[in-house]
Amino acid sequence: MKTYLKAGLAGISMALLLGATSLSAKTLVYCSEGSPENFTPALNTTGTSFDAARPVYNQLVEFERGSTKVIPGLAESWTTSADGLEITFKLRKGVKWHAVAGYKPSRDFNADDVLFSFERQSKPDHPYAKVSGGKYDYFADMGMTKLLKSLVKKDDYTVVMTLSEPNAPIMANLAMDFASIHSAEYADSLLKAGKPEQFDQVPVGTGPFSFVMYQKDAVIRFKANKEFWGEKPLIDDLVYAITPDPTARYSKLKANECQFVPYPRPADLAEMQKDPALKVISQSGLNIAYWAFNVTKKPFDDKRVRQAMNMAIDKAAIMRDVYLGAGTAAKNMIPPTLWSYNDAVKDYPYDPAKAQALLKEAGVTTPIEIDLWYMPVQRPYNPNAKRIAEMMQADLAKIGVTAKLVTYEWGEYRKRAQQGEHTTAQLGWTGDNGDPDNFFFLRGCAGARAGGQNITKWCNEEFDSRLKKAALLSDVKERTKLYEEMQVIMKEEAPDMTIAHSIVFEVMRKEVEGYKQSPLGGHKFIGVDIK
Amino acid sequence: MFAYLLRRLALTVPTFVALMFITFVAIRLVPGDPVEVRTGERGISPERLAQFRHELGLDQPVWKQFLDYATGLVHGDFGTSVVTNEKVLTEFLQLFPATLELAFFAMIFAILLGIPAGVVAALKRGSVYDQALMGLSLTGFSMPIFWWGLLLIMFVSERLGWTPVSGRIDLIKFYFEPVTGFMIVDAFLSDQAGAVKSAFHHLVLPMVVLGTQPLATLARMTRSSMLEVLGEDYVRTAHAKGLSPFRVVGLHALRNALIPVVTIIGLQIGGLMAGAVLTETIFSWPGVGKWLIESIGRRDYPALQGGILLISSVVIFVNLTVDALYGFINPRIRHGQ
Chain R
1 MKTYLKAGLA GISMALLLGA TSLSAKTLVY CSEGSPENFT PALNTTGTSF DAARPVYNQL
61 VEFERGSTKV IPGLAESWTT SADGLEITFK LRKGVKWHAV AGYKPSRDFN ADDVLFSFER
121 QSKPDHPYAK VSGGKYDYFA DMGMTKLLKS LVKKDDYTVV MTLSEPNAPI MANLAMDFAS
181 IHSAEYADSL LKAGKPEQFD QVPVGTGPFS FVMYQKDAVI RFKANKEFWG EKPLIDDLVY
241 AITPDPTARY SKLKANECQF VPYPRPADLA EMQKDPALKV ISQSGLNIAY WAFNVTKKPF
301 DDKRVRQAMN MAIDKAAIMR DVYLGAGTAA KNMIPPTLWS YNDAVKDYPY DPAKAQALLK
361 EAGVTTPIEI DLWYMPVQRP YNPNAKRIAE MMQADLAKIG VTAKLVTYEW GEYRKRAQQG
421 EHTTAQLGWT GDNGDPDNFF FLRGCAGARA GGQNITKWCN EEFDSRLKKA ALLSDVKERT
481 KLYEEMQVIM KEEAPDMTIA HSIVFEVMRK EVEGYKQSPL GGHKFIGVDI K
Chain H
532 MFAYLLRRLA LTVPTFVALM FITFVAIRLV PGDPVEVRTG ERGISPERLA QFRHELGLDQ
592 PVWKQFLDYA TGLVHGDFGT SVVTNEKVLT EFLQLFPATL ELAFFAMIFA ILLGIPAGVV
652 AALKRGSVYD QALMGLSLTG FSMPIFWWGL LLIMFVSERL GWTPVSGRID LIKFYFEPVT
712 GFMIVDAFLS DQAGAVKSAF HHLVLPMVVL GTQPLATLAR MTRSSMLEVL GEDYVRTAHA
772 KGLSPFRVVG LHALRNALIP VVTIIGLQIG GLMAGAVLTE TIFSWPGVGK WLIESIGRRD
832 YPALQGGILL ISSVVIFVNL TVDALYGFIN PRIRHGQ
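These protein sequences, in sequence, are chains R and H. Anchor point for the first sequence: position 147 equals 147 in our numbering, and the numbering is continuous, going up by one each time. When you read off a place in the second sequence, starting at 1, and then add 531, the result is the number in our numbering.
What the hints contain is simulated information worked out from the structure, not anything from laboratory work. Since the model is a prediction, treat every value here as computed from it, not as a measurement. Among the hints, erroneous ones may be present.
Stated by the list, open to error - Each computed DSS-like pair below joins lysine-lysine, with the alpha-carbon atoms no more than 30 Å apart:
(1) H/K595 <-> R/K130
(2) H/K704 <-> R/K510
(3) H/K704 <-> R/K531
(4) R/K226 <-> H/K704
(5) R/K510 <-> H/K728
(6) R/K26 <-> H/K704
With the sequences and hints as input, model every part of the structure.
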């Protein structure tokens, strides 16, 4: 025992004597907010998991860094048939797969990999379909199950995707994380070795960084892929230090233990902005917080009542007191960063007297009682739904409406709201792919059924026909026109009150350069350097 | 002695079954299930919801789920996490060394400071030192861990820059594959200059935070136990025989005074596990405490149930060891009297 102790102490003192040596490589430490579920985006639904896999993978088409514009990825180019049903992708040649411990690729990326990546999600009898739980939520939610009729390999570098109907948002869908391209060869080798689960734990991709290791709840390490086909990474090592507590993230940033942090606490922002060692950037988030009126319930079946509700609430006060500067008042369903945003739409003014008059006109005799549901949790688009509900309650009291505040456990809340049990309820949405359809479908007739996502249960023919038509068109101009009209209809019909779009902040050390904030909310470190 | 241990071991079986039942029922009383939590604002079609519930066995009656779970446990299967699809036991074993390392050092810190402080306080009963120490230990005992941890980070790490804010090692300077999961040991094995120092550096604050409450308890316990023993006849006799005060206190009094203190140390392990949940959260320490907290949020039933059972097993095992140790120190216990 004594000998061990001596040896241990000798080791410690040696270490102390030698001191810490720093490696010359450029390392960026990103203090991420949580652990990924695994490294296969198709299996996951959280931004945290997508962020963890993003350095490794590419998609056929990708979002340009810092925008929602779709650009070529592993597909160099693509053509769509005249009827909009067939998309032919020409694949990039000479793209190398990463090597990881125990696996060395023998070939470059080709059409087999594309087929593997989609068939795993679309074919229930695929050897990988059930691996790691096999739940492909995004593939199903983006309508791909019905939309994808077939995917055929024409030659090693050409694949043809056939759709069941023309679909304009398809290219944006294909740029999403769930459509990441995986190595079919790696999958085969693991299947032969009898350990297919490793496929989702040790990722092999074609992206700018290759996976090195992951220690649950502690750290994920990546190293630059020197053979990357696109813009070369400017840092050598990328480290995700998993730090769920925002206060700890801020402390680590100040101590230079990490150089980049997401999701700062709004209360820390003022101090962060004053710190000369830090840079704070922000952008309107791709999200919306709204207050939905259940139009199937009286008196909300009358649009004048819904308009009155819009006029009764002091939105500016909510922005000031709840969002604390980290939000912009919303007049439309989509945020101003999204194409087709209709700036000509006028929001309802805060006018309690007019609201009262409208109620009277609609034959509502006050006082009336309604229920006002609020989420029990903080969401990216709503920092404090309860506080907002309390402020609304006070505003509504002024026009003779008594609002009873109601909440449930978060899962239960959504379920009941989707069933339409509420009269009015707060909720919101975070966009996935930067296509307006990804927001407006929330007010479509398809979602108005019991259990559907349209919790207003509002089904308006004028709105819905445009929504459907826009999804089939590929001409952006025509789509824009339709979406602009839909925003006018929505404002007039007022199935909800659009509350706010949150502002997303990111904080980094001054030395970090070249980072571009994504309107989609994810994090990408290609093009980022440390000076 | 063997029969005594066997008796104690047999007693753990009902404890274990009760625990299993309580965790199983308690988590199901919380509204929301893993599928709903996963769904988010997006919603889910009734067909897919039914399919997922079926796959996870959530469509079965609760008694059937419990029976399946119990059967699995008997076969050593703690289930599979519904979030990561990894075996609960595998996840636990990945994370547990971090918690163990933290708890071990926190306990050493508490013992090394708490026992001598208690002894000195007892020897100088009524002095300023005694008063100050007892006042301090009361403060330490009532200190909320979360507040204490954040306070230390702000002062020691941010203001003075003496220790890192969180984590287990400097991620920029050092990289090595985990071998044992104990960072100090792995750093030592890695042969990288400065790694052990960095690991210690990262351990200091969490250790102090987690060790504060046991430290305060041990100091108070040692003091009162010492006071009792110091008044005993045999201590007076030892003094009368002309033994040096050091021998009287160190050999005769302390050894006897430590008997209740050892029990307290055993009982503190349960408290340490509870404290670890908070400490790990503040210091981003990748242990089982933080894992459990996240599992609650995700309604990861198997991870939660398995995690709690495994932690309980550790606590039960430590208490059993302490009991055995206690029997060893005090032969009267061993014989069941």
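Evaluation of the provided hints:
| no. | hint | result |
| --- | --- | --- |
| 1 | H/K595 <-> R/K130 | holds (24 Å) |
| 2 | H/K704 <-> R/K510 | holds (20 Å) |
| 3 | H/K704 <-> R/K531 | holds (18 Å) |
| 4 | R/K226 <-> H/K704 | holds (21 Å) |
| 5 | R/K510 <-> H/K728 | holds (29 Å) |
| 6 | R/K26 <-> H/K704 | holds (11 Å) |
In the structure shown, no violation is registered for any of the earlier numbered hints.
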